[in-house]
Amino acid sequence: MTAAHPREGTGGPAYGPVRRKEDARFIRGRGTFVDDIQLPGMLHGAILRSPLAHARIVSIDIAAAQAHPKVEAVITGQDLAGRALAWMPTLSQDVQAVLATDKVRFQGQEVAFVVAQDRYAARDALELINVEYEQLPVVIDANRALEDGAPVIRDDVEGRTDNHIFDWEAGDKAATDAVFAAADVVVAQDMLYPRSHPAPLETCGTVADFNPVSGQLTVWSTTQAPHAHRTLYALVAGLPGHKIRIISPDVGGGFGNKVPIYPGYICAVVGSIVTGRPVKWVEDRSENLMSTSFARDYHMHGEIAATRDGRILGLRARVLADHGAFNGAAQPTKFPAGFFHIFTGSYDLQAAHCEVTGVYTNKAPGGVAYSCSFRITEAVYLVERMVDLLAHELGADAGELRMKNLLRPEQFPYTCPTGWEYDSGDYPRALQLAMEIAGYDSLRREQAEKLANGEYMGIGLSFFTEGVGAGPRAHMDVLGLGMADGADLRIHPTGKAVLAISVQTQGQGHETTFAQIVGQELGLPPDDVEVVHGDTDRTPFGLGTYGSRSTPVSGAAAAVVARKVRERARIVASAMLEVSPADLEWENGKWQVRGDPEKARTIAEIAMAAHSALELPDGIEGHLDAETVYNPPNLTYPFGAYICVTDVDPGTGQVSLRRFIAVDDCGVQINPMIVEGQVHGGLADGVGMAMMQVIAFDEDGNCLGGSFMDYLLPTAVECPSWELGETVTPSPHHPIGAKGIGESATVGSPAAIVNSVLDALRPLGVRHADMPLTPANVWSAIQGRPLRTDLAIT
Amino acid sequence: MQVTMTVNGTVYSREVEARLLLIHFLRDSLGLTGSHWGCDTSNCGACVVWLDDTPVKSCTVLAAMADGHRLLTVEGLERGGKLDPVQQGFTECHGLQCGFCTPGMMLTARWLLDHNPDPSPEQIRAALSGQICRCTGYENIVRSVRWAAEHEAAEAGNGIGTGTGTADAAGTGHAAGTGDAAGTGDAAGTGDAAAQEAPA
Numbered sequence: 194m195t196a197a198h199p200r201e202g203t204g205g206p207a208y209g210p211v212r213r214k215e216d217a218r219f220i221r222g223r224g225t226f227v228d229d230i231q232l233p234g235m236l237h238g239a240i241l242r243s244p245l246a247h248a249r250i251v252s253i254d255i256a257a258a259q260a261h262p263k264v265e266a267v268i269t270g271q272d273l274a275g276r277a278l279a280w281m282p283t284l285s286q287d288v289q290a291v292l293a294t295d296k297v298r299f300q301g302q303e304v305a306f307v308v309a310q311d312r313y314a315a316r317d318a319l320e321l322i323n324v325e326y327e328q329l330p331v332v333i334d335a336n337r338a339l340e341d342g343a344p345v346i347r348d349d350v351e352g353r354t355d356n357h358i359f360d361w362e363a364g365d366k367a368a369t370d371a372v373f374a375a376a377d378v379v380v381a382q383d384m385l386y387p388r389s390h391p392a393p394l395e396t397c398g399t400v401a402d403f404n405p406v407s408g409q410l411t412v413w414s415t416t417q418a419p420h421a422h423r424t425l426y427a428l429v430a431g432l433p434g435h436k437i438r439i440i441s442p443d444v445g446g447g448f449g450n451k452v453p454i455y456p457g458y459i460c461a462v463v464g465s466i467v468t469g470r471p472v473k474w475v476e477d478r479s480e481n482l483m484s485t486s487f488a489r490d491y492h493m494h495g496e497i498a499a500t501r502d503g504r505i506l507g508l509r510a511r512v513l514a515d516h517g518a519f520n521g522a523a524q525p526t527k528f529p530a531g532f533f534h535i536f537t538g539s540y541d542l543q544a545a546h547c548e549v550t551g552v553y554t555n556k557a558p559g560g561v562a563y564s565c566s567f568r569i570t571e572a573v574y575l576v577e578r579m580v581d582l583l584a585h586e587l588g589a590d591a592g593e594l595r596m597k598n599l600l601r602p603e604q605f606p607y608t609c610p611t612g613w614e615y616d617s618g619d620y621p622r623a624l625q626l627a628m629e630i631a632g633y634d635s636l637r638r639e640q641a642e643k644l645a646n647g648e649y650m651g652i653g654l655s656f657f658t659e660g661v662g663a664g665p666r667a668h669m670d671v672l673g674l675g676m677a678d679g680a681d682l683r684i685h686p687t688g689k690a691v692l693a694i695s696v697q698t699q700g701q702g703h704e705t706t707f708a709q710i711v712g713q714e715l716g717l718p719p720d721d722v723e724v725v726h727g728d729t730d731r732t733p734f735g736l737g738t739y740g741s742r743s744t745p746v747s748g749a750a751a752a753v754v755a756r757k758v759r760e761r762a763r764i765v766a767s768a769m770l771e772v773s774p775a776d777l778e779w780e781n782g783k784w785q786v787r788g789d790p791e792k793a794r795t796i797a798e799i800a801m802a803a804h805s806a807l808e809l810p811d812g813i814e815g816h817l818d819a820e821t822v823y824n825p826p827n828l829t830y831p832f833g834a835y836i837c838v839t840d841v842d843p844g845t846g847q848v849s850l851r852r853f854i855a856v857d858d859c860g861v862q863i864n865p866m867i868v869e870g871q872v873h874g875g876l877a878d879g880v881g882m883a884m885m886q887v888i889a890f891d892e893d894g895n896c897l898g899g900s901f902m903d904y905l906l907p908t909a910v911e912c913p914s915w916e917l918g919e920t921v922t923p924s925p926h927h928p929i930g931a932k933g934i935g936e937s938a939t940v941g942s943p944a945a946i947v948n949s950v951l952d953a954l955r956p957l958g959v960r961h962a963d964m965p966l967t968p969a970n971v972w973s974a975i976q977g978r979p980l981r982t983d984l985a986i987t
Numbered sequence: 146m147q148v149t150m151t152v153n154g155t156v157y158s159r160e161v162e163a164r165l166l167l168i169h170f171l172r173d174s175l176g177l178t179g180s181h182w183g184c185d186t187s188n189c190g191a192c193v194v195w196l197d198d199t200p201v202k203s204c205t206v207l208a209a210m211a212d213g214h215r216l217l218t219v220e221g222l223e224r225g226g227k228l229d230p231v232q233q234g235f236t237e238c239h240g241l242q243c244g245f246c247t248p249g250m251m252l253t254a255r256w257l258l259d260h261n262p263d264p265s266p267e268q269i270r271a272a273l274s275g276q277i278c279r280c281t282g283y284e285n286i287v288r289s290v291r292w293a294a295e296h297e298a299a300e301a302g303n304g305i306g307t308g309t310g311t312a313d314a315a316g317t318g319h320a321a322g323t324g325d326a327a328g329t330g331d332a333a334g335t336g337d338a339a340a341q342e343a344p345a
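Protein chains in written order, with the numbering used here: chain A, 194 to 987; chain B, 146 to 345.
Calculated directly from the structure, the hints in this document are not laboratory data. Check each hint, because a few of them may be wrong.
Said to hold, decoys possible - To be clear about the criterion: a stretch of chain A counts as covered by chain B if any three or more of its residues have a C-beta under 8 Å from a C-beta of chain B, and this derived list gives those stretches:
#1 466-472
#2 477-488
#3 912-919
To be verified - List time: in silico DSBU-like cross-link candidates among lysine-lysine, alpha-carbon distance up to 35 Å:
#4 A:K597 with A:K366
#5 A:K296 with A:K263
#6 A:K214 with B:K227
#7 B:K227 with A:K757
#8 A:K527 with A:K366
#9 A:K527 with A:K436
Cβ atoms here follow ideal geometry from the backbone N, Cα and C, with glycine treated the same way.
All chains should be modelled from the sequences, with the hints used to inform the complete structure.
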């Protein structure tokens, strides 16, 4: 399908669908993931977890486990308390128990850590630990967490008497109220974006190796942010930062799951310190799903105001945000609700206001961890559902209503009512293209014909705008670490280059695209550029890969550092060609004397000269190498228009996802093959969230999504053959005009799918149903009682 | 207990615990870390290897059950320095991102093409339906397998396949992909449960 929509605006010889450098090792089974690491004398760790969601720990008896012949150490919360490590700071200015000392607060919480000679023995020993619990009342429903008399989950914090975490708001409340008061039409809807889990195929794990002689700690870890982890380890464990080396080898998918530091990592480090040997800890799938960062869990109330003829005027939202037992949301620290307040989306509104209240419940901690662009997923879902509900109310076509209210190209740069400055966009063009690819009008005709025959077909649209690429660091930091990224570029005398970057691929293909960026700037083939990443000893400091920030921030750093090299090369070339630097121009990947292509020097020629006996000009010490830190002036704002076609069997509630059309605009594309792959993967995530995936709980706090038997992920048969198109609207402030793409489809697609199913169900009188739209849920919605999908409370 | 098996053409004998899973035997005992562990419940297929001539989920097969059998893992796909067309296809069509599911996907794809050299996209999806990829959204995996099919046909001088799925019924590949039979571990005993089921 892609071939039908030729790519535009992606000029440059090094850009294009270059095959990935990474593939060579993976297709041969020669990748190196954390669990592939084997060190001499390495031990294996396993975690004993709480079977209860809320209980006081009366006693822990580890004697039998310690007596196991293959056990080397058993560590409890009390042991960690002796090292001031029983609690660790979260990324949201809270603390989280590493190993529980007082009570357990969610099912699956870490209670004890066993270090043994092999992974089977470590598991055996867990069975020998006897923990006596005193069960406490459980709060699972966020709506009940703030009620009087609700059990207080965080009584570890002195003086805390409730489960309230924060209140936060954005926008102009008075102006929004005024717009709503004067509007012809106001539509309101409660909706839940249920708890889900990113579930990368590789779970989280670590190998910690502490050298008691040198004091050096080396940690191989599944982390998307090795430098941030190193600094946090230094702050948490009190170890000197220069003695800590974090290596993030090949990472088997991240999607946000591998941003935080988990208790297991700390336990492995302590295990290595205690035993003096390397310790490997790799969680199993249930541990991954039950204890590491969940995502979403936003209970939202939306209201949209409009004129009778379909001009959208205002939007407001109230959100109850379930953060679980510890506030461990991984997001820029000053933004407790992430970037949710970009919830006005892609529309030209007069006013907007949102309020978010965070609460504790007896569930796993987390909250921002699933390709969500820091809660923009929830924001897009809210506004796109509200626009569809408005169309429903007005009897308007969902496509026409969007087209009428989309921001126009001449409005950019555009400051939205909650303060975000959108850098560039041509929204109507993207929606028009999506509707053309879909054959929108004929789909609507088909829908009407089918309905006449008693068949229920749905056409759902969504339009999204993301803001990705955090910083700027003046506004965005993680625990005081500004969200900027470094890049070092070394040019060997032979003209081969080594680029060291601070972000960490989890499948995005950085080794290829970043080589293309440097190649493009320096006239080098991408094969001549080696990209080093994922090792704090070999790369410059930076905040890592999440929130679609690699290309917007680190990609910019790569371009900037290459341009620094190019400028140094210009000075050397001027000496080589015996002209003034001002007389040189960069043409066809070479510095040439202005207007004289015969007198030109390549980067390779200049690099050799820079190391030669050539008398170098002032300011050039003898190489072309350069370094930089890129602090983005603004986010980049990718956008897109999605259309989903479904067929719904009203007898069974079964949804058949027939077609999915996605038009994305991520600015200039470095490698369109990889961009396409990023979109494909995100669309499958959308299918999962809209139709299958949910981490639900019963009233006792038992996690009902604790394995792939229960937490259903889409396979090849649930996913249609994606139909893609794109437009290219370069970012005006990014050095190469690129925007992020890693999360666009995950952010934008669920709303299109839900809108499609509800479009199909509209003749049956169904107004709304929450995700996931499982057959049972859809069937129940048709019966007039859609399910509360996050709870199994009857 | 002592187990002996032939992995990628090499005979290995090791002393193992009777409970040792085949995936851990391959990874930890033999150091063949190309096969991955992903879920414990036979849902994800990151651990798929061939037991004799059948893809199985090696997280649900005991090493002891593979005693005396032949195994093929991702490390054995490349032969004599020549990549299998499936490996080439995954590179050409961007059929992998993080690379964690890739070995299992390729081994099932290899089995499918051996039994149905010209599978339709729908047949490829069915064959891979017992395996999970979290990165690619599957489209490029389907394209990768088609690429391999077409290039194998071209190399064999059969002309380019059309993906119409005209080959034998095994081409549904469902048994191989889901591992319903293979993954239970029963397959280890018979070695060909999936192959028997496929023509049905």
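Hint check:
Remark: the segment 466-472 of chain A is not confirmed as covered by chain B, as 0 of its residues place a Cβ nearer than 8 Å to a Cβ of that chain, below the required three. Evaluation of the coverage hint for the segment 477-488 of chain A: fulfilled, as 3 residues show C-beta separations to chain B shorter than 8 Å, against a requirement of three. A count of 3 residues in the segment 912-919 of chain A with a Cβ less than 8 Å from any Cβ of chain B is obtained; the coverage claim is therefore met, three being the minimum. The hinted pair formed by K597 of chain A and K366 of chain A meets the criterion: a straight-line CA distance of about 25 Å does not exceed 35 Å.
Taking the CA atoms of K296 of chain A and K263 of chain A, the gap is about 29 Å. The hint holds against a cut of 35 Å. Taken as a hint, the K214 of chain A and K227 of chain B pair is honoured in the structure, with Cα atoms around 18 Å apart against an allowance of 35 Å. Distance restraint check for K227 of chain B and K757 of chain A: the Cα-Cα separation of roughly 42 Å exceeds the 35 Å cut-off, and the hinted pair is therefore not satisfied. Between K527 of chain A and K366 of chain A the alpha-carbon distance is near 20 Å, which keeps this suggested pair within the 35 Å criterion.
Taking the CA atoms of K527 of chain A and K436 of chain A, the gap is near 30 Å; set against the 35 Å cutoff, the hint holds.
When each numbered hint is compared with the structure, violations occur for hints 1 and 7.
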